[in-house]
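At position 369 of the first sequence (counting the first as 1) the number is 373 in our numbering, and the numbers step up by one without a gap.
Simulated from the structure, these hints should not be mistaken for lab results. Even glycine gets a Cβ: it sits at the ideal position worked out from N, Cα and C. Wrong hints could be hidden among the right ones.
Unchecked claim - Quick list of in silico lysine-lysine cross-link-like pairs, DSSO-like style, CA-CA up to 30 Å:
1) Lys-119 with Lys-89
2) Lys-112 with Lys-51
3) Lys-421 with Lys-544
4) Lys-119 with Lys-66
5) Lys-737 with Lys-769
Unchecked claim - So the derived label-pair ranges between C-beta atoms look like this:
6) Trp-635 with Asn-729: 36 to 42 Å
7) Ser-515 with Gln-792: 26 to 32 Å
8) Ser-411 with Glu-155: 34 to 40 Å
9) Asn-239 with Lys-375: 42 to 48 Å
10) Ser-351 with His-511: 50 to 56 Å
11) Lys-458 with Phe-205: 21 to 27 Å
12) Gln-754 with Arg-388: 27 to 33 Å
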Amino acid sequence: MLCHPPSYPWAWCLRKTLYQDKAAMPVQLMKIIKGQSETPLPSHLQKENLQHLKEGCDHTNKYVQGVVTLSYPLTKLRDGTDFFKIVLQDSDNLFSQINSINVLIYGKMAEDCAKIIRRGETFIVAGFKVIKLPTVREDGRHGCHLEVSEEAGSAIYIYTTPGTTAASETASVSVAPKYVYTPLNHLKDGTIVNLYGIVKFFKPPYVSKGTDYCSVVTLVDPSNVKLTCTLFNGNLDSLPKIYKVGDIVRFHRIKIREYNGQMQGITSAGFASLTFDGTVGAPVVPRTSSKVYTFMDEEQKTIEELRIWAASNISISGPAARLSGVQPMLFFDLTCQLVGKAKVDGSSFLLKVWDGTKCPYPTWKVPVEAKDLEGEKVLLHQLRNLAVDILVYDNHVQLAESLKIGSFLRIYSIHTKQASADNEDVSHIEFHLHGGTCYGRGIGVLPECNPDVKELKAFLESVDLADSQNMENTCSMDLDSTFGNVTDLELDLQRCQQLSVTVLTDHQDLSNTELKTITNSTAPQQYRIRAKLRTYKPQKLHQSVKLHCSKCNSLQEVPYGDDFDFILHGSANTAPNPELHNTSWYESVTWTTQDQKQREIAIHFVKHDEMLQHPEDTLLMIEGGTLKEIWKLTKRFKCVIPVRSTEDDLELLDLSAPFLLQGNVKYYGCKQCSTPKPIKNLSSIAAEQQPSWEPTEVAQVLGIELLQYVFIMKFTLVDETGALNAYLFDYEKFFQIPASEILTNSFLQQKMQMTMNTLCPPGRKLGDLPWLECFIRSYNVRDATKNQVYYQIFDTTVAEDVV
DNA sequence: TTAGGTTTCG
Numbered sequence: 005m006l007c008h009p010p011s012y013p014w015a016w017c018l019r020k021t022l023y024q025d026k027a028a029m030p031v032q033l034m035k036i037i038k039g040q041s042e043t044p045l046p047s048h049l050q051k052e053n054l055q056h057l058k059e060g061c062d063h064t065n066k067y068v069q070g071v072v073t074l075s076y077p078l079t080k081l082r083d084g085t086d087f088f089k090i091v092l093q094d095s096d097n098l099f100s101q102i103n104s105i106n107v108l109i110y111g112k113m114a115e116d117c118a119k120i121i122r123r124g125e126t127f128i129v130a131g132f133k134v135i136k137l138p139t140v141r142e143d144g145r146h147g148c149h150l151e152v153s154e155e156a157g158s159a160i161y162i163y164t165t166p167g168t169t170a171a172s173e174t175a176s177v178s179v180a181p182k183y184v185y186t187p188l189n190h191l192k193d194g195t196i197v198n199l200y201g202i203v204k205f206f207k208p209p210y211v212s213k214g215t216d217y218c219s220v221v222t223l224v225d226p227s228n229v230k231l232t233c234t235l236f237n238g239n240l241d242s243l244p245k246i247y248k249v250g251d252i253v254r255f256h257r258i259k260i261r262e263y264n265g266q267m268q269g270i271t272s273a274g275f276a277s278l279t280f281d282g283t284v285g286a287p288v289v290p291r292t293s294s295k296v297y298t299f300m301d302e303e304q305k306t307i308e309e310l311r312i313w314a315a316s317n318i319s320i321s322g323p324a325a326r327l328s329g330v331q332p333m334l335f336f337d338l339t340c341q342l343v344g345k346a347k348v349d350g351s352s353f354l355l356k357v358w359d360g361t362k363c364p365y366p367t368w369k370v371p372v373e374a375k376d377l378e379g380e381k382v383l384l385h386q387l388r389n390l391a392v393d394i395l396v397y398d399n400h401v402q403l404a405e406s407l408k409i410g411s412f413l414r415i416y417s418i419h420t421k422q423a424s425a426d427n428e429d430v431s432h433i434e435f436h437l438h439g440g441t442c443y444g445r446g447i448g449v450l451p452e453c454n455p456d457v458k459e460l461k462a463f464l465e466s467v468d469l470a471d472s473q474n475m476e477n478t479c480s481m482d483l484d485s486t487f488g489n490v491t492d493l494e495l496d497l498q499r500c501q502q503l504s505v506t507v508l509t510d511h512q513d514l515s516n517t518e519l520k521t522i523t524n525s526t527a528p529q530q531y532r533i534r535a536k537l538r539t540y541k542p543q544k545l546h547q548s549v550k551l552h553c554s555k556c557n558s559l560q561e562v563p564y565g566d567d568f569d570f571i572l573h574g575s576a577n578t579a580p581n582p583e584l585h586n587t588s589w590y591e592s593v594t595w596t597t598q599d600q601k602q603r604e605i606a607i608h609f610v611k612h613d614e615m616l617q618h619p620e621d622t623l624l625m626i627e628g629g630t631l632k633e634i635w636k637l638t639k640r641f642k643c644v645i646p647v648r649s650t651e652d653d654l655e656l657l658d659l660s661a662p663f664l665l666q667g668n669v670k671y672y673g674c675k676q677c678s679t680p681k682p683i684k685n686l687s688s689i690a691a692e693q694q695p696s697w698e699p700t701e702v703a704q705v706l707g708i709e710l711l712q713y714v715f716i717m718k719f720t721l722v723d724e725t726g727a728l729n730a731y732l733f734d735y736e737k738f739f740q741i742p743a744s745e746i747l748t749n750s751f752l753q754q755k756m757q758m759t760m761n762t763l764c765p766p767g768r769k770l771g772d773l774p775w776l777e778c779f780i781r782s783y784n785v786r787d788a789t790k791n792q793v794y795y796q797i798f799d800t801t802v803a804e805d806v807v
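Construct the complete structure from the given sequences, taking the supplied hints into account.
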């Protein structure tokens, strides 16, 4: 029985208006006087212990009593019947093995209960049906649930505690919300707030380097302000259960701080969250680990409003990727079932998963010893043509190890990589979940009740495993043609037979020459050819990007960001020289960082006509900045030049570092051919009528020989008569992608990989490869010992409908 | 404390 302090004014008002005629009402509110109900229960009813409830037994004169620990929002079943679900806990037997039970309430009773029931209240039900659940529960909840409705003759008695009584007498009077929610544009540093937001980006919980799990969530709300929250908790379950962008969250007691000039959310003591499906029209059911939470009609309305706003203001990703639709060199999220797992080595772990569809390319198999492979052997064998191996690395290993076979997963940002082993003629596809958490890379476990899981389960059950075992190596088969790319395949085949995937930009009058004739001829000459691309190098396309000096004709690798970082660190040891600040052509600002390093930073904004320009037109020079700071500045300003102070002038850093950053591109100078000139030469550009700050112009006045980004690839071309290797040397024309931008633009990287997949589709026999029409020129390269003939592709571009 | 979104290069 409920226990209240005796001093409490017990004569509180019942929510009686709707429920005055107790005899006729199936849902009754009971008044409690000094711990006892004022109105006794009908005398024929006896209390039943939860342990004794069994399907098929006679419970006619029994009642079940418990405290409401959880209530779900009122929903409607398909046939329009109202439905309300609560969880009752037997507070008299809290520590017994079974201490709670689900109560499913239907029809008018559901509606009535939803209006008045609050968590913590004592709930008594008689005239229930006991229904056995299909699966055994392990969470202390009863293996049966109770079904309750007016039609079944059920009766419900609710003892309301004064503290939780809603202010309303009737459901038609709205209840004042207990919580105040702050819009994202009104957040203030140092406050703890409650808020709602739509998930714009998230990292599923991962093991942090400290003691907790971490999840990073970026929210947006109708004020159009974004907030990135960093959430920590030692308990995985206590972090928000976000499954996709567009989900809606409600955070309670999140701390707001300013970080890098922006508001940031971080977990504070007592942080709690609810997560909702963001789909308009989906049931408003919170996902949470909290046993107790508030959720009222007003909040349901808020969710529905946010869903509608999000529908037209948030770009929701397209249809989910399936294995049948994967392309090499893409990052994608996969919803799948785990069928096998194995430790590979200390830093990688294998997950075998399937989604019922077949990957159109040959997929790799990670070699592991049979004894190390966990999973049902028979099923693994049956699924050998459908399941794929995903290798997860580093920080994902720990989470992967803990996954249960059979569970449903969403793996975020899997990388499909094209590769070929020494003993393979055709390349295969590899699936990697690389280390780190960029772009939300990680693994999430989806509950069985998730709608995507329900759909996947239904689909997996419909897959005929006998069929799939017959399709050994028929890679373009697609079990699920509605999701497949049949038309793409047909197009590809047509193209194989006749059209060329490349076109000539000049010399159309030239006729084709067979490859054998070319290799038998002396160089230099020019030819038009029609051939197939059997293979190309490098297969890792990022390795094809080099820096070229047109003066000395040298090629060099694009330096890694680390090198730049190292140089910046080194130059930060030289403090900005105040005598060089604020000259006739630039204005300077300086500050010292607040951290332990007390780093001095100076930024010099180059003026135009003695005035500062708009940031997007401004060139600035920075001393003492970090990689990240410089990167941020490039987002906002036209150009950034990293410099350091000498005694009498500013100077460029070592030429291993970019001398200029513009947009996403780092511009480098040739060490051999550059003769740096004084920085003040920039003032001549600043004095132009409309300074454009073109990299070539900036390089010229600074005495820098600009290195150009270029794609260098080796194509192995074949026709009926022979084969030859031809080099592609392309700034932009062939792929119609600027080589300078590819390293920092994942969209362009995908575009280039897709182009290569069209030119040389992986897993295809030679006869099924498309034709390429190209111009090539032969040339001689002589060294001390021999003369060699090389070939280079020119005046050729990828066909318009390929890119 | 942890991370503070901005893909690996195995």
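message: Holds or violated: Lys-737 and Lys-769, Cα atoms, limit 30 Å.
response: Answer holds: Lys-737 to Lys-769 is near 28 Å, not above 30 Å.
Pairwise beta carbon distance, Gln-754 to Arg-388, judged against the given window 27 to 33 Å: holds (30 Å)
50 to 56 Å as the expected CB spacing between His-511 and Ser-351, which holds or is violated: Hint holds: Cβ distance 52 Å, inside 50 to 56 Å.
field: Verdict for Asn-239, Lys-375 (Cβ pair) under range 42 to 48 Å
entry: violated (33 Å)
message: Check whether the Cα positions of Lys-421 and Lys-544 lie no farther apart than 30 Å.
response: Given that 30 Å is the threshold and the Cα spacing comes to 8 Å, the pair holds.
query: Lying within 34 to 40 Å: is that true of the beta-carbon distance Ser-411 to Glu-155?
result: holds (39 Å)
- prompt: Is the hinted range of 26 to 32 Å satisfied by the C-beta distance from Ser-515 to Gln-792?
  reply: holds (27 Å)
- request: Could you check the hint for me, namely that Lys-458 and Phe-205 are 21 to 27 Å apart, CB to CB?
  value: holds (26 Å)
task: Assess, step by step, whether the Cα of Lys-119 is no farther than 30 Å from the Cα of Lys-66, and give holds or violated.
output: Measuring from Cα to Cα gives roughly 25 Å; hence the hint holds.
query: CA of Lys-119 to CA of Lys-89, is that 30 Å or under?
result: Given that 30 Å is the threshold and the Cα spacing comes to 13 Å, the pair holds.
- prompt: If you draw a straight line from the CA of Lys-112 to the CA of Lys-51, is it 30 Å or shorter?
  reply: With Cα atoms ~25 Å apart, Lys-112 and Lys-51 stay inside 30 Å; holds.
query: Honestly, do Trp-635 and Asn-729 meet the 36 to 42 Å range at C-beta?
result: holds (38 Å)
Of the numbered hints given earlier, the model fails hint 9 alone.
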